[in-house]
Amino acid sequence: MPSMPDVMGARASGPHHERARAPRSRGFLRRLGAIITKEVRQLGRDRLTFAMMFGLPIMQLLLFGYAIDTDPHRLPTAVVAADQSQITRTILSALANTGYMRFTHQPRSEAEANELLQSGQVQFVVTIPSDFTRRLVRGERAQVLIDADATDPMAAANPLAAAKPAIEQALARDLVGPLSPLRNAADSVDVVLQRRYNPEGKSNLNVVPGLLAVILTQTMVMMTALAVTRERERGTMENLLAMPVRPLEVMVGKIAPYIAIGAVQVTVILLVSWLLFGVGVQGSFMLFCLGTALFITANLAIGFTISTVTQNQLQAMQASVFLLLPSILLSGFMFPFRGMPVWAQWIGEILPATHFMRIVRGLMLKGAGFPSISTELAALVAILLVVSTLAISRYRVTLD
Amino acid sequence: MTLAIDVHDLVKRYGARTVVDHVNLAVEQGRICGFLGPNGSGKTTTLRMICGLLTPDGGGGTCLGYDLVREREAIKRQTGYMTQRFGLYEDLTIRENLEFVGRVYGLDRLKQRIDGSLERLELTTRQHQLAGSLSGGWKQRLALAACVLHEPRLLLLDEPTAGVDPKARRAFWDEIHAYAAQGITVLVSTHYMDEAERCHEIAYIAYGELMARGTAQEIIKASGLIAFVASGPGADRLAVRLRDAPGVTAAAAFGTTLHVCGPEREALLKAIEPYRADSAIKWEEAEPTLEDIFIHLMGKARDNAIDA
Numbered sequence: 001m002p003s004m005p006d007v008m009g010a011r012a013s014g015p016h017h018e019r020a021r022a023p024r025s026r027g028f029l030r031r032l033g034a035i036i037t038k039e040v041r042q043l044g045r046d047r048l049t050f051a052m053m054f055g056l057p058i059m060q061l062l063l064f065g066y067a068i069d070t071d072p073h074r075l076p077t078a079v080v081a082a083d084q085s086q087i088t089r090t091i092l093s094a095l096a097n098t099g100y101m102r103f104t105h106q107p108r109s110e111a112e113a114n115e116l117l118q119s120g121q122v123q124f125v126v127t128i129p130s131d132f133t134r135r136l137v138r139g140e141r142a143q144v145l146i147d148a149d150a151t152d153p154m155a156a157a158n159p160l161a162a163a164k165p166a167i168e169q170a171l172a173r174d175l176v177g178p179l180s181p182l183r184n185a186a187d188s189v190d191v192v193l194q195r196r197y198n199p200e201g202k203s204n205l206n207v208v209p210g211l212l213a214v215i216l217t218q219t220m221v222m223m224t225a226l227a228v229t230r231e232r233e234r235g236t237m238e239n240l241l242a243m244p245v246r247p248l249e250v251m252v253g254k255i256a257p258y259i260a261i262g263a264v265q266v267t268v269i270l271l272v273s274w275l276l277f278g279v280g281v282q283g284s285f286m287l288f289c290l291g292t293a294l295f296i297t298a299n300l301a302i303g304f305t306i307s308t309v310t311q312n313q314l315q316a317m318q319a320s321v322f323l324l325l326p327s328i329l330l331s332g333f334m335f336p337f338r339g340m341p342v343w344a345q346w347i348g349e350i351l352p353a354t355h356f357m358r359i360v361r362g363l364m365l366k367g368a369g370f371p372s373i374s375t376e377l378a379a380l381v382a383i384l385l386v387v388s389t390l391a392i393s394r395y396r397v398t399l400d
Numbered sequence: 001m002t003l004a005i006d007v008h009d010l011v012k013r014y015g016a017r018t019v020v021d022h023v024n025l026a027v028e029q030g031r032i033c034g035f036l037g038p039n040g041s042g043k044t045t046t047l048r049m050i051c052g053l054l055t056p057d058g059g060g061g062t063c064l065g066y067d068l069v070r071e072r073e074a075i076k077r078q079t080g081y082m083t084q085r086f087g088l089y090e091d092l093t094i095r096e097n098l099e100f101v102g103r104v105y106g107l108d109r110l111k112q113r114i115d116g117s118l119e120r121l122e123l124t125t126r127q128h129q130l131a132g133s134l135s136g137g138w139k140q141r142l143a144l145a146a147c148v149l150h151e152p153r154l155l156l157l158d159e160p161t162a163g164v165d166p167k168a169r170r171a172f173w174d175e176i177h178a179y180a181a182q183g184i185t186v187l188v189s190t191h192y193m194d195e196a197e198r199c200h201e202i203a204y205i206a207y208g209e210l211m212a213r214g215t216a217q218e219i220i221k222a223s224g225l226i227a228f229v230a231s232g233p234g235a236d237r238l239a240v241r242l243r244d245a246p247g248v249t250a251a252a253a254f255g256t257t258l259h260v261c262g263p264e265r266e267a268l269l270k271a272i273e274p275y276r277a278d279s280a281i282k283w284e285e286a287e288p289t290l291e292d293i294f295i296h297l298m299g300k301a302r303d304n305a306i307d308a
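Line by line, the protein sequences give chains A and B.
Position one of the first sequence corresponds to residue 1 (our numbering), numbered consecutively onward.
Position one of the second sequence corresponds to residue 1 (our numbering), numbered consecutively onward.
In case anyone wonders, no lab produced these hints; they're calculated from the structure.
Using N, Cα and C, we set each Cβ at its ideal position, and we do this for glycine too.
There's no promise every hint is true.
No farther apart than 30 Å at their CA atoms in a straight line, the calculated lysine-lysine pairs in the DSSO-like style are these [as the list claims (entries may be wrong)]:
1. B:Lys-300 / A:Lys-254
2. B:Lys-300 / B:Lys-270
3. A:Lys-254 / B:Lys-111
Just the calculated beta-carbon pair ranges, DEER-fashion [as the list claims (entries may be wrong)]:
4. A:Arg-246 / B:Glu-175: 27 to 33 Å
5. A:Gly-33 / B:Glu-151: 56 to 62 Å
6. B:Gln-29 / A:Gly-33: 37 to 43 Å
7. B:Gly-132 / A:Asp-69: 32 to 38 Å
8. B:Glu-218 / A:Arg-246: 49 to 55 Å
9. B:His-128 / A:Arg-26: 50 to 56 Å
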């Protein structure tokens, strides 16, 4: 670069150039300042974006700080106690004292208990056979059965690990006085743990249904939100509104192509998860299609509603992220749903992803039937109705 | 005589600001009405109210015989509205845009209509090009073609030729006249005086208020403005000095000549008196131009607005 020193030298020589140099550096700061001022002013005008910039980190802080618990306690548990004795009471209170289990249901039959587990109303079923105490007194081996819903391995691991030592300790401590001869029998109590639906505790089995929900939320909400906002941003909305089209026609017309895209996405995810992880749909495929269709439509309606509130594509994008984040964190996808505080669970309940995830887990991992997932389907329908009403009422045929 | 547009006392407010203030407008069928007025005077808002895009806060009337508020759908079906900003899809081809518009209106013989439309536009060879790749003038002609595809009885054009070169503008206006000859009523907003003169009649709106109405000649006659043209060396330089003189509403240089006008002959003569001594500059009384009148009206409207 021979020209560089030349130029520098030429500039440095002579008072003329000396004088020109100082204003130049001030000019740099002035121009930089001008651009910064302009940028800050524009940011301030875009109030929604501004709110998001503060809202998102606060939301993440709250979610990660308070809502998420990777070691959930007080999980709902059903007890099938066909045998009631001092010893069985000791065992049950030992389990409750671990803090992981909270006895919520007392089903009368094993079938009823299975139904509770399959529909996700309980995380564990503790079964004590009717001949438990008798066998123990006779000095025979007796079994306590703990069935766990292991679709989410994270929620099942710690409680199961804590159960056996807790029972053994309690028996050793409580079998005193007239019961002390039974102390030896404590060794003959077998705690049988069963990880149902996901016996190997593989997390990828659990992740596939969750990913399905998250990917669909992400693309469906964002795509529709952008599709409608784009019309407004590019100025084509005015032209569209001047033509004889009805709000419902615009809404359905905009949404329909994305339903097809959603269907393709679902097919791809299902195929890949079947090929790679061996996870297929165990339950009714028709129910799976019904749940998926409801979920996709609900997401599209949400996207459409977002587009009626936002002014430009950037805002629409941010609003979609604002929805996506809780859908990942509060739906039970990343962290156990039951580990969250009640307020977070309520937020989770109004997200379509939560219900869809339960449906898909039920159908893919548990082989659930219609009765077990009917509440979740109903919840999706309710969300869809509320959001669609909101979307149509907010959509304007005029520019008012 | 049938009125295509007959609206009265139209009012539109945004918060405390009245954008359109009791505007009356009647346009006969088959006429081209030029809609003029300064920026922000309420032209676009009025057009949007007429085509049903905005709900008036007061007043009402009929458009093509349909009620402005209650029969919006019927009005939309028979009206073509061309937005100020290019309102078609830049990421669709020319043909796809026309197809979309045709389908929304539910037109029969769609292919035939589009072929005809493309031929008239001389865009047949470029029909598969993206609309976004067209130049400004062509975009406007395409937008107009899309507006008339459903054979509307009324055309509302919002500054259709802004930023378009003179040749394309002339072609555009030839098309507008051809549509008017078929009986289509046209309400077109513009800032160009030569375009105003190509209209059958003019409506001038300023600060939300209708200030003048009629043919170009009628408006000039009714204005009562007096104008003088000065020519000669340095005549154009006098504009600065005369502009603020009492009795002068406007003084502007046009090339080497000077154009001065005012509402009263005596006052105007008195204002130019000091400069008439220069024998090199020739003063002649002339007919005021539309532009003179509009600038005058704009000043008057601003005074009204301040008084109110």
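Structure-based check of each hint:
A distance of roughly 49 Å separates the Cα atoms of Lys-300 of chain B and Lys-254 of chain A; the hinted pair therefore is violated under the 30 Å criterion. Of the supplied pair hints, the one linking Lys-300 of chain B and Lys-270 of chain B holds, its CA atoms being roughly 21 Å apart against a limit of 30 Å. A distance of roughly 24 Å separates the Cα atoms of Lys-254 of chain A and Lys-111 of chain B; the hinted pair therefore holds under the 30 Å criterion. With their beta carbons about 31 Å apart, Arg-246 of chain A and Glu-175 of chain B fall inside the hinted range of 27 to 33 Å.
For Gly-33 of chain A paired with Glu-151 of chain B, a C-beta distance near 57 Å keeps the hint of 56 to 62 Å intact. Checking the proposed 37 to 43 Å range against Gln-29 of chain B and Gly-33 of chain A shows it is violated: the Cβ atoms sit about 59 Å from each other. Taken as a hint, the range 32 to 38 Å is violated for the pair Gly-132 of chain B and Asp-69 of chain A, whose Cβ atoms sit roughly 52 Å apart. Taking 49 to 55 Å as the suggested C-beta distance range, the pair Glu-218 of chain B and Arg-246 of chain A does not conform, at roughly 43 Å.
Evaluation of the 50 to 56 Å hint for His-128 of chain B and Arg-26 of chain A yields a pass: the beta carbon distance comes to about 55 Å.
The structure fails to meet hints 1, 6, 7 and 8 from the earlier list, while all remaining hints are met.
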